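Protein chains: 2
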Amino acid sequence: MPPCSVRPVDETSRTREAVRVYIDSAEQRDWQRLGDLLTEDMVYEMPQSRERIRGRSAFIQFNREYPGDWHLQARRIVADGRHAAAWIDARVTTEHQDACVWFELSDDGLITRVVDYWPESYDPPPGREHLVERW
Amino acid sequence: MPPCSVRPVDETSRTREAVRVYIDSAEQRDWQRLGDLLTEDMVYEMPQSRERIRGRSAFIQFNREYPGDWHLQARRIVADGRHAAAWIDARVTTEHQDACVWFELSDDGLITRVVDYWPESYDPPPGREHLVERW
Numbered sequence: 001m002p003p004c005s006v007r008p009v010d011e012t013s014r015t016r017e018a019v020r021v022y023i024d025s026a027e028q029r030d031w032q033r034l035g036d037l038l039t040e041d042m043v044y045e046m047p048q049s050r051e052r053i054r055g056r057s058a059f060i061q062f063n064r065e066y067p068g069d070w071h072l073q074a075r076r077i078v079a080d081g082r083h084a085a086a087w088i089d090a091r092v093t094t095e096h097q098d099a100c101v102w103f104e105l106s107d108d109g110l111i112t113r114v115v116d117y118w119p120e121s122y123d124p125p126p127g128r129e130h131l132v133e134r135w
Numbered sequence: 001m002p003p004c005s006v007r008p009v010d011e012t013s014r015t016r017e018a019v020r021v022y023i024d025s026a027e028q029r030d031w032q033r034l035g036d037l038l039t040e041d042m043v044y045e046m047p048q049s050r051e052r053i054r055g056r057s058a059f060i061q062f063n064r065e066y067p068g069d070w071h072l073q074a075r076r077i078v079a080d081g082r083h084a085a086a087w088i089d090a091r092v093t094t095e096h097q098d099a100c101v102w103f104e105l106s107d108d109g110l111i112t113r114v115v116d117y118w119p120e121s122y123d124p125p126p127g128r129e130h131l132v133e134r135w
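Just so you know, the protein sequences line up as chains A and B, in that order.
Per full-length UniProt numbering: the first sequence = residues 1 to 135.
Per full-length UniProt numbering: the second sequence = residues 1 to 135.
It should be emphasised that the hints constitute simulated quantities derived from the structure, not laboratory data.
Just so it is clear, the structure is predicted and the values come from calculations on it, not from any experiment.
Even for Gly, the Cβ is constructed at its ideal location relative to N, Cα and C.
Wrong hints could be hidden among the right ones.
Stated by the list, open to error - Okay, the calculated bits of chain A under chain B, using three or more residues with CB under 8 Å as the criterion:
id, region
1, 25-38
2, 80-91
3, 105-113
4, 125-133
To be verified - Listed below are several chain A residues computed to face chain B (Cβ distance under 8 Å; list not exhaustive):
id, residue
5, P47
6, A58
7, R76
8, D98
9, C100
10, W102
11, Y117
12, W118
13, P119
14, E120
15, S121
16, Y122
Given these sequences and hints, build the entire structure.
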């Protein structure tokens, strides 16, 4: 152990890099590279629709088959030990949507769980106009 | 600087603790403690409704006035230098909704920007039943 009162960031750096490559390899449709980041028994969840995909193979197929000319770009990656979150700018042709994605990594630095949120636009409820500005 | 090739985690630990207290003090309606975490010119954004609140004072008022018997619990906090993300379990009486919240901190460890996403439930689109299970 290094003689300093800090947690080694090797694990955090490895996690951050795995998430960076996850987004980039999906954007590039490089399924081999994406698959190499994942444990074989990884689990992917979309809590908004209560959908779960089990296993690397099904998850890669899900991405391969996902319709539309979709594009992903990281707005921010936050890594912390074996956990991370990614704030993603997703576009399908001219439609834009942000995603919030939560990651868990295995002992050996592979992604073992991904939880994806796709928040939709909504109209602000009444009663807070005195506090907010719109953009 | 400590003699090791790692980034000191003091900043990350401070960020993680600020986010923990942010959630806890909101849950406790301890507005003084919540305000003490924030820069005076902090900005709060809800991209789904394109709403922005400028300043600690208006942000505290927004929380004070927020209707319903709401409760917040951290599911996960991920901190990374001056950035963090929180995955929050929010409840209003029996209604449950997850939130994804992104934080930026100032030089002196105060929260200076908060971006809140409130993803809603949706029905899964057709065409992926062969890959997913529901819960």
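For each hint, the structure was consulted:
1. For the region 25-38 of chain A, the assignment as covered by chain B is violated, since 0 residues bring a beta-carbon within under 8 Å of that chain's beta-carbons and 3 are needed.
2. With a cut-off of 8 Å between beta carbons, the region 80-91 of chain A has 5 residues touching chain B; three or more are needed, and the interface restraint holds.
3. Evaluation of the coverage hint for the region 105-113 of chain A: breached, as 0 residues show C-beta separations to chain B shorter than 8 Å, against a requirement of three.
4. Residue count for the region 125-133 of chain A with a Cβ under 8 Å from a Cβ of chain B: 5. That meets the three needed, and the coverage hint holds.
5. Given hint, A:P47 at the interface with chain B, holds; its Cβ is 6 Å from that chain's nearest Cβ, closer than 8 Å.
6. Interface hint status for A:A58: upheld, as the beta-carbon distance to the closest one in chain B is roughly 5 Å, under 8 Å.
7. Here the hint on A:R76 is kept, as its CB sits about 6 Å from the closest CB of chain B, short of 8 Å.
8. Evaluation of the A:D98 hint against chain B yields a held restraint, the C-beta minimum of about 6 Å falling below 8 Å.
9. Checking A:C100 against chain B: minimum C-beta separation of about 4 Å stays under 8 Å; hint holds.
10. A hinted interface residue such as A:W102 counts as satisfied when its beta carbon comes closer than 8 Å to some beta carbon of chain B; here the least separation is about 6 Å, so the hint holds.
11. The closest approach between the C-beta of A:Y117 and any C-beta of chain B is roughly 4 Å, which is under the 8 Å cut-off, so the hint is satisfied.
12. Using the Cβ-Cβ criterion of 8 Å, the hint placing A:W118 at the interface with chain B is satisfied: the shortest such distance is roughly 6 Å.
13. Here the hint on A:P119 is kept, as its CB sits about 4 Å from the closest CB of chain B, short of 8 Å.
14. Nearest Cβ of chain B to the Cβ of A:E120: about 6 Å, under the 8 Å cut. The hint holds.
15. Because the smallest distance between the Cβ of A:S121 and any Cβ of chain B comes to about 5 Å, under 8 Å, the interface hint for this residue holds.
16. Against a cut-off of 8 Å between C-beta atoms, the interface hint on A:Y122 holds, since the closest Cβ of chain B lies about 5 Å away.
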